[in-house]
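Based on the sequences and whatever the hints tell you, model everything.
Chains as they are written, first to last, in this note's numbering: chain A, 1 to 115; chain B, 1001 to 1114.
Be a bit skeptical, because a hint or two may be false.
No farther apart than 30 angstroms at their CA atoms in a straight line, the calculated lysine-lysine pairs in the DSBU-like style are these [what the hints assert, rightly or not]:
| no. | chain 1 | residue 1 | chain 2 | residue 2 |
| --- | --- | --- | --- | --- |
| 1 | A | 44 | A | 9 |
| 2 | B | 1070 | A | 57 |
| 3 | B | 1055 | A | 14 |
| 4 | A | 44 | B | 1073 |
| 5 | A | 57 | A | 44 |
| 6 | B | 1078 | A | 14 |
| 7 | A | 44 | B | 1078 |
| 8 | B | 1055 | A | 44 |
| 9 | B | 1106 | A | 14 |
| 10 | A | 9 | B | 1106 |
| 11 | B | 1078 | A | 57 |
A few chain A residues that don't get close to chain B, going by computed Cβ distances all over 12 angstroms [stated by the list, open to error]:
| no. | residue |
| --- | --- |
| 12 | 37 |
| 13 | 85 |
| 14 | 96 |
| 15 | 115 |
Quick caveat, the hints were computed from the structure, so don't treat them as lab data. Don't be surprised by glycine CBs; every beta carbon is placed ideally from N, CA and C.
Now for the letters of each chain:
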Amino acid sequence: NAGVTQTPKFRILKIGQSMTLQCTQDMNHNYMYWYRQDPGMGLKLIYYSVGAGITDKGEVPNGYNVSRSTTEDFPLRLELAAPSQTSVYFCASSWLDGKGNQPQHFGDGTRLSIL
Amino acid sequence: AQTVTQSQPEMSVQEAETVTLSCTYDTSENNYYLFWYKQPPSRQMILVIRQEAYKQQNATENRFSVNFQKAAKSFSLKISDSQLGDTAMYFCAFMNQAGTALIFGKGTTLSVSS
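Below you can see the structure in the form of structure tokens.
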């Protein structure tokens, strides 16, 4: 059981370049999330999705875009990379139904440096 | 807006001792979820324990237990019989009932020494 898989694990970008961070989960979870973690800080929510075709902004969405065309995949796109986007990015998924929300399962993170 | 505060940036404890990590939060919601996550140097986010706000009974998971005080909006984590493998950053987190907002505290770095 793979859980939540993120690729790549590490990446260095130049200012102004674009890239997509991939995230896929095999638990059939309906909710998926993207977070960033800056040094010495907790995680901050970038975007989330409550199901295929539905996405919404979190606390820090500027400079990012997401899509959710399937239940399994939730890619995060950086269009014009800036040094302020240097961070560790985590993808997570969970299941929510009428009985409540289950804990989030996290991927192993992607360390992104913008130079 | 919800906030989560962890007032102890760093804590140290010796093996086999008990340590308590503090967390307070602010919300106007009545039903929500609280979590403690562990992040070792590998950076993985590992769920330690979960508490539903509508449950009065404090959650326990083996050596980990919480003291949930809803009126005081306090959610502390007690680690009993500390082990070297407990060394990590610990994050307290709040989630609303809709599952659309997970707010993390800034974390407490716990060091367990022999």
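**OP:** Would you pick out the hints that fail for this structure and give their numbers low to high?
**Re:** Violated: hints 3, 6, 11, 12 and 14.
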